[in-house]
Each structure stands twice: as structure tokens, then as C-alpha cells.
Amino acid sequence: MRTIKITVFSVLVAALVAWGSMAIYYSCDTALLRIPGAVLFPLACAGALLLVRSKKMGALIFTALFAIVILVWNSNLPSNDRSWQPDVARLPHATMQNGKTTIHNVRNIEYRSEADYEVRYYDKVVDVSKLRSIDLFLSDWGFKAIVHTLISFGFDDGSYLCISIETRKEIGESYSSIKGLFRQYELIYVVADERDLVRLRTNYRQGETVYLYRVQGLTSETARLILQDYIQYINNLAAEPQWYNALTGNCTTQIRGHTRPYVGKVIWDWRILANGYIDELAYEVGSLDNSLPFEQLKHNSIINIRALAAGQDPDFSKRIREGLAGMDYQFQE
Numbered sequence: 155m156r157t158i159k160i161t162v163f164s165v166l167v168a169a170l171v172a173w174g175s176m177a178i179y180y181s182c183d184t185a186l187l188r189i190p191g192a193v194l195f196p197l198a199c200a201g202a203l204l205l206v207r208s209k210k211m212g213a214l215i216f217t218a219l220f221a222i223v224i225l226v227w228n229s230n231l232p233s234n235d236r237s238w239q240p241d242v243a244r245l246p247h248a249t250m251q252n253g254k255t256t257i258h259n260v261r262n263i264e265y266r267s268e269a270d271y272e273v274r275y276y277d278k279v280v281d282v283s284k285l286r287s288i289d290l291f292l293s294d295w296g297f298k299a300i301v302h303t304l305i306s307f308g309f310d311d312g313s314y315l316c317i318s319i320e321t322r323k324e325i326g327e328s329y330s331s332i333k334g335l336f337r338q339y340e341l342i343y344v345v346a347d348e349r350d351l352v353r354l355r356t357n358y359r360q361g362e363t364v365y366l367y368r369v370q371g372l373t374s375e376t377a378r379l380i381l382q383d384y385i386q387y388i389n390n391l392a393a394e395p396q397w398y399n400a401l402t403g404n405c406t407t408q409i410r411g412h413t414r415p416y417v418g419k420v421i422w423d424w425r426i427l428a429n430g431y432i433d434e435l436a437y438e439v440g441s442l443d444n445s446l447p448f449e450q451l452k453h454n455s456i457i458n459i460r461a462l463a464a465g466q467d468p469d470f471s472k473r474i475r476e477g478l479a480g481m482d483y484q485f486q487e
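If you're matching positions, the sequence shown starts at 155 in this note's numbering and goes up one per residue.
Simulated from the structure, these hints should not be mistaken for laboratory data.
Treat the hints loosely; a few may be bogus.
[Stated by the list, open to error] Taking lysine-lysine and the PhoX-like style, the derived pairs with C-alpha atoms no more than 20 Å apart in a straight line are:
#1 278 with 472
#2 323 with 333
#3 209 with 254
#4 278 with 254
[Stated by the list, open to error] Here are the in silico distance ranges between beta carbons for each label pair:
#5 252 with 402: 31 to 41 Å
#6 160 with 211: 16 to 26 Å
#7 393 with 438: 30 to 40 Å
#8 313 with 194: 52 to 62 Å
#9 276 with 194: 45 to 55 Å
#10 462 with 227: 44 to 54 Å
Glycine residues also receive a C-beta, built at the ideal position from the N, C-alpha and C atoms.
Hey, can you work out the whole structure from these sequences and the hints?
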């Protein structure tokens, strides 16, 4: 038993020290201090725990060192005022008047290639009471266990409001999953036309496979509450920026945060983190069409060919849904 306790304690300390070292490296504003700080911190911790005669004093020194790292970590605050890349330069926000909601800065980029594009925005007026569907997109870039998830809200006029939860990158930044754990990217909810968010992934990025599913098992009231929750959070982000976190605040865990208050108890499942299997989980709990075996449903839900054929057609959203299982689903009353 003593050996087990020592092993568990050692693993815990090693994990804390590793996290602290990486937090220093990624959070330190002064480049010259990053590597020395990241190296000296674990050495100082090891010295405190292994070389100090008094175990109590060693533990106090270790705690003090870690507390300093936490203070530095918490002093690194998110901001809405940086030199943003053009595609995330504007934050969406919403205003409400006379029972209607106007979404401002709905993105509708005109792509010539993935890297060559013209950024456009428009305002979209929606009536939440006219919400008719919620669809789930999964964009697989080749790493089976991890995908990008998007949600699209459909209205009775045939229009859709697509939302992609992403990192808000600055000019010159690129995405790193490791950096995404250490407060290096602000969080952004890109609210856009499907011809922007979906077509980018089906028609312009190489090697991405996009799946489209209709979400089932919701009442009209629940669906409206979920949309309103998204809108409120989007407004909160415009007023108070938040950090993206690749583990706890990403494109899928954030969706769970918006749905959990309204769909009853959601059992935690490893596939929420390994979100390449999130469609399988949704199928198992009855949130996707079950008229087909899952593997067949998944295969039939690939929309790349449809999207390529639709191109810039104003009916892009309609055409990518034609023939897909479950697209005639209506919310329960």
C-alpha cells in the first residue's frame, strides 16, 4: 500500500511540474525567459522535494513555486483587442427587438482558394419561434478520433444559421493542440452562412471529409432554448472574451455546455473528447436517424460530392441535404 501511495504521489507531482513548466513556456511574454523559466522550474521543484532535509519545508517551497506559476497563469487575460486574422476579425453579436433577433456580423466569405478569399458579413434577422431543425456537421481531416464539429440551426423559410466554435487566431498564428491547452488562443463563435463554413471544408480544403446529420429527439421548446443559449453566449463573448481550451473548451465540449441544461442528464462518455466518434454516441442515445445501421448512415451522410456539385448555388444548403436520412424530421411538440 505504501508503494502504491508513493507511486501515485510521484505521478501527481510529475504531472503538476510538467504542466507548470509548459505553462511558463507558453505564457511567458518575454521570449528570453521562456526556456530558462521552463527548465529552472522543474529543477527548483526537484530540489525542494529531494534535497531539502525537512519534508515539510520542501513541500512548502514546492507549493510556493507552484503558487507563483498559478499567479502568472491567472494574470494572462484574454482580449478582444488584438491584430486578428481577417477571417476572425469581427465578433458576432445579437440584438433583440419586437420578438425578432438580429444576428450581426454573420460571415459569408467568398473563397477563391483556402488562402485566397474576400471576407464579407451581413446581418440576419431570425424568429426563434420559427426554428425547425438542428443539424450536426463533422469535418474529418484524417485523424479518426478528432474532428471539427459545427451546428446549424434551420428555420421555416429554408435558411440556416451555422456556428463553428474555433480559435480566434492573430495574424501570423497557426493552430497547435498543445498551445490550445495553455491560453494561447481566444475563443470565437463564428456565425456564418453554410456556403462559408461548410463549403470551405468540402470544396477548398484538401483531405477533409464532411458528414451531415439531422439531430432528433428534441422538442420545439428545447431546440429554441438551445439556440437562445448560443445567442446569449455569443453576446457574452463580445463583452467579455474567453480562452479557448483544446480539452475543456473546444468545438464539442462547448456544444455539450449549451445542450446539457435542456436535454436532461447527459452521461459523460469518452467520445465527447474523442469527438471523431460523437456521431456514434449520438446514434446510440437516439439523437440521430436510426432507420439505417450506423455505419451505413455514416457513409451516406458524407456531403463532399453534393457540396462540390452545388458550388456557389444559392440553394447550397438545400442541395447538400437532398436524399440524406432523417432530413424530414420535425421537432416534437
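Problem set entry | Hints breached by this structure | 3
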